[in-house]
Amino acid sequence: MTKTYYSPSHEYVSVEDGVATIGITTYAQSQLGDIVFVELPETGRGFKRGDEAAVVESVKAASEVYTPVTGETTEMNEELAANPGLANDDPEGQGWFFKQTIIQEDELTKLMDRAQYDAFVKENR
Amino acid sequence: MSDQNELKKTAFYDLHVEHGAKMVGFAGYSMPLHYEMGIKQEHLYCRDTVGLFDVSHMGQAELIAEDYETAAKALEKIVPGDVLKLKPERLRYSVLLNEKGGIEDDLMITHRIQEDGSHVVGLVVNAGRKTHDYAYISAYLPDDVDFKILDDRSLLALQGPDAEKIMAVWCGEAVGMPYMSEIETNFFDAPCRVSRCGYTGEDGFELSLSNDDASRVAKMLMSHPDVELIGLGARDSLRLEAGFCLYGHDIDTATSPIEADLSWIMNKRRRQEGGFLGDTVILDQVANGPSKRRVGLLPDGPAAPAREGAKLFNDQDQEIGVVTSGGFGPTIGGPVAMGYVTLPHDKLGTSIFVEVRGRKSLWRVTDLPFTPYRTYNAKKPTQH
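Protein chains in written order, with numbering that gives the first Met the number 0: chain G, 0 to 124; chain S, 0 to 383.
Hint data in this document are derived by calculation from the structure and do not stem from the laboratory.
Fair warning: there could be bad hints in the mix.
Claimed, not checked - Derived DSS-like pairs (lysine-lysine); straight-line CA-CA distance at most 30 Å:
(1) G:Lys98 / S:Lys359
(2) G:Lys121 / S:Lys21
(3) S:Lys7 / G:Lys121
(4) G:Lys121 / S:Lys359
(5) G:Lys47 / S:Lys359
(6) G:Lys2 / G:Lys47
(7) S:Lys72 / S:Lys267
(8) G:Lys98 / G:Lys109
Since the structure is predicted, the reported quantities are computational estimates derived from the model, not experimental observations.
Please construct the entire structure, taking both the sequences and the accompanying hints into account.
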């Protein structure tokens with residue numbers, strides 16, 4: 000059973016069996032435009048909630064990707080590194096950025112669910 | 000970014016909005032960053048087919064005197080290029096100098112024949128510098144040369160391999176125009192000054208029109224199924240791949256044209272005679288070489304795009320320069336950058352380490368442009 004949460008800085012966290020898969024939302028990629036480069040964290044790096052974990056570069060500019068939960072990275076999406084356009088084409092699927100452990104489960108409750116995030120995007124547009 | 004309400008609008012504002020432009024503040028104007036296609040596709044479309052750019056924010060002006068020579072001689076005091084011997088209906092890229100040999104702006108100069116047969120010097124300067132330039136140039140002009148700002152005119156750029164084919168539909172006279180030339184003609188029924196030049200490295204034209212005719216002409220061009228609007232985002236990536244300088248980034252008041260690798264804008268006469276602002280500094284750099292020079296840089300393998308401000312190091316890990324323009328080149332399909340390095344690191348093929356977010360990757364000094372010029376009868380690189 001996968002449950003997905005959303006951050007106000009437009010990252011998503013998909014949680015399955017205690018592992019978080021993190022990436023940028025469909026809305027985020029639409030704002031960035033054509034993504035041409037991603038810099039992903041190495042496996043085994045520890046992050047606190049809100050740390051800069053990855054960088055995404057579009058033709059316009061470089062933007063930081065913040066991890067919404069505290070944990071340690073377990074995997075990066077090598078396919079995305081080789082083909083950054085995946086973050087445009089399938090941001091919440093094949094275009095994920097990295098996976099990490101979740102140390103503090105309660106951090107997830109501070110994030111938004113899909114309906115809340117959709118309303119958040121609408122409000123901030 | 001400034002408040003959209005305070006921004007000036009060009010005659011094409013409604014057209015941009017109708018075409019789904021993302022409008023941003025640029026040099027005091029509300030301008031399109033990109034349209035629905037997005038920067039990358041707009042860039043590729045322009046290189047492949049033809050794109051239409053609103054460049055009306057740029058400054059159009061004229062120097063008017065009793066004859067062309069008087070106006071040209073006055074301008075030669077502040078630019079290092081040969082204005083005097085510029086043939087009628089020809090354009091030349093140059094820079095506006097200061098006393099230290101630095102660049103106040105870069106500009107396009109035209110030997111223009113007016114409708115009444117009189118000859119004047121035409122100028123096109125950068126949007127962000129035009130207010131400055133107008134005051135600066137006026138202050139250096141003798142009493143017998145008048146400065147006229149053409150703020151009743153709009154400017155469109157039609158760029159790409161199919162540009163001539165599009166012009167042929169409404170303006171047959173544009174067909175076969177030499178590169179870097181200008182004519183007074185009609186675009187369908189609208190009086191129009193057409194020049195063959197551009198800022199993309201592709202063939203193309205610029206159309207200077209009355210503000211009253213501008214929107215109508217743009218709509219005629221847009222009625223052609225092959226013409227797409229292109230925003231400032233792709234304008235920047237196109238000029239970067241073409242190796243052209245962006246004022247305020249690659250050149251500024253503290254950079255000389257020799258350091259900027261623009262020495263080709265000076266001919267033999269001007270190098271011998273001098274007689275322009277900063278000539279002592281510039282002619283010394285011509286003779287003895289500058290201490291730094293603008294170069295092109297390409298990564299030696301996969302690398303993060305290096306943007307303006309990225310530091311450059313040599314193989315001894317000594318800081319030797321900085322990136323002044325950089326990003327992703329859609330036609331190159333990877334990062335491209337320009338920057339300044341101290342000599343002798345400017346030699347082609349030199350290994351340069353570029354620092355991005357604390358990590359250094361290997362790049363090499365590369366010949367400019369990154370993408371070959373495809374201008375009509377192209378002989379020399381040019382700008383705007």
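How the hints compare with the structure:
For a cut-off of 30 Å, the pair hint linking lysine 98 of chain G to lysine 359 of chain S stands: about 26 Å separates their Cα positions. Our distance criterion of 30 Å between C-alpha atoms is met by lysine 121 of chain G and lysine 21 of chain S, whose separation comes to about 17 Å. Distance restraint check for lysine 7 of chain S and lysine 121 of chain G: the Cα-Cα separation of roughly 28 Å lies within the 30 Å cut-off, and the hinted pair is therefore satisfied. For the hint pairing lysine 121 of chain G with lysine 359 of chain S, the CA-to-CA distance comes to about 40 Å; that exceeds 30 Å, so the pair is violated.
For the proposed pair lysine 47 of chain G and lysine 359 of chain S, the alpha carbon gap of about 26 Å is at most 30 Å, so the pair holds. Taking the CA atoms of lysine 2 of chain G and lysine 47 of chain G, the gap is near 21 Å; set against the 30 Å cutoff, the hint holds. Of the pairs offered as hints, the one joining lysine 72 of chain S and lysine 267 of chain S holds, with about 16 Å between alpha carbons and a cut-off of 30 Å not exceeded. Between lysine 98 of chain G and lysine 109 of chain G the alpha-carbon distance is near 19 Å, which keeps this suggested pair within the 30 Å criterion.
Checked against the numbered hints above, the structure breaks only hint 4 and satisfies the rest.
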